[in-house]
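Produce the complete structure using the sequences and hints provided.
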Amino acid sequence: MSLVPASRALVILRGGDEGSLGGAERARVAQLLLERGLEVACRRDQGVDAADLGSDAPEALAARLAGGAGAGAAPAAWKPWFPVIDYSRCTNCMQCLSFCLFDVYGVSADKKIQVQNQSNCKTECPACSRVCPEVAIMFPKYRHGPINGEEVHTDDVRREAMKVDISALLGGDIYSMLRDRSVKAKSRFSKERDDDRALKERQNCLVALKASRDLDIPAEVLAALPSPKEIQAKAEAARLRAKAAIEGAAAPSDTERD
Amino acid sequence: MSAPRILYCHCAFAKVVPADVKSAVLEGLTGANVEFDAVPDLCEMSARHDPRLRDLAAQQPLHVAACFPRAVKWLFAAAGAELAADSTRVWNMRTESADAVLNGVLERTSPAESVR
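As they're listed, the protein sequences go chains A and B.
FYI, in the working numbering the residues of the first sequence are 71 to 328.
FYI, in the working numbering the residues of the second sequence are -18 to 97.
Don't read these hints as lab results, they were simulated from the structure.
None of the values given here were measured: they were computed from a predicted structure.
You may find that some hints are simply not true.
Only part of the chain B face toward chain A is listed, based on derived beta-carbon distances under 10 Å [stated by the list, open to error]:
1) F(-6)
2) P(-1)
3) V2
4) D22
5) M26
6) C48
7) F49
8) R51
9) A58
10) A62
We treat Cβ as the ideally placed atom computed from N, Cα and C, and that holds for glycine.
Given below as structure tokens:
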């Protein structure tokens, strides 16, 4: 049996008949390959078998199958952290698009919200899911429900709605609050404001925001946020995109008008 | 109805699924001498819009050992791969025991959660 994987990412292990790898050995080899980012299929009558293992340990076979220690995707390189939309709950309100500072969200040709730039998302930051009034945004790698994909209960919807109401009480939306704080900061620091102080203000502002709204935004994300000016520009651009999408979705299409 | 295809997700890119449950389920599958597909991480495949997800979703009926059914359903959908609601069942390794997952996936008992 050749040890060349069926494809760059797939290794077939033979099991269930004479000559197969033993169950425990197959499990170990499969686990090692999966942890190297390779896909594994277990099939009867084909694939890597006991003869390929020979007198080696499963670790040695897995290393050979993976083509060396550096082969396969590197699970440590990127934690797949990005929002997943539950379209059975989403109402296309565009609040997530308006909220996200990192252009993760976009609008499809048919004016539906969609996740367009997964890799822009900031690892461990589930903030957009917390402002979704329908609890329609999941982060499957998150610790707690319903953000991790657990079924949504009535109480969850109430809790999220309450958060949105709190946001409204604070000044319409989160960006209004940021803008207000930014204006205050400008008047306070006037011309003497330097980059370090601006950074500190931005962090303080957002840390306070985080504490007040329990958005669970990691410190690294706060530190990586754009400047208040950029936030304003992005917020305005996102608001206009969301508005256009909502208006576009509400307006009859050319076909409908005909 | 034909025997279900089995898909196992190792959630290799994060530590949200208990390692002992993952290991026990993987050992149980190999020990049962059934054919199955095992992927490193459905989230990572969904993020890449991996076309393999369409192939896997097309295998029906399908039994999936992964995480929350709602997450699994929409991870596939995000990659343009719709899971058939009436013939896909998902067992959750984040909340269920390895025995419960294996019993369900291998049809040793009947209870399961659909992706609906």
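*Verify the interface restraint on P(-1)(B): the C-beta must sit less than 10 Å from at least one C-beta of chain A.*
13 Å, violated
*Given C48(B) was flagged as interface, is its beta-carbon under 10 Å from a beta-carbon of chain A?*
6 Å, holds
*With a cut-off of 10 Å, does the beta carbon of M26(B) approach a beta carbon of chain A closely enough for the hint to hold?*
Given a least distance of 8 Å, the restraint on M26(B) holds.
_Closest C-beta approach of A62(B) to chain A relative to 10 Å, hint status_ = 13 Å, violated
*Hint validity - V2(B) Cβ closer than 10 Å to any chain A Cβ*: 13 Å, violated
*For the hint on A58(B), does the least C-beta distance to chain A fall short of 10 Å?*
The hint holds - A58(B) has a Cβ within 10 Å of chain A, the shortest such distance being about 7 Å.
_Would the hint on F49(B) be counted as holding, given a Cβ-Cβ threshold of 10 Å to chain A?_
With Cβ-Cβ at 3 Å, under 10 Å, it holds.
*Can F(-6)(B) be said to touch chain A, with a Cβ gap under 10 Å?*
At about 5 Å, which falls below the 10 Å cut-off, the nearest Cβ of chain A leaves the hint on F(-6)(B) intact, so it holds.
*asked:* So, as I understand it, the hint says R51(B) touches chain A; can you test that by seeing if any CB pair is closer than 10 Å?
replied: Hint on R51(B): holds, closest Cβ of chain A at ~5 Å, below 10 Å.
*Do the numbers back the hint for D22(B), that is, is its least Cβ distance to chain A under 10 Å?*
6 Å, holds
Going down the numbered hints, you'll see the structure goes against 2, 3 and 10, while the others check out.
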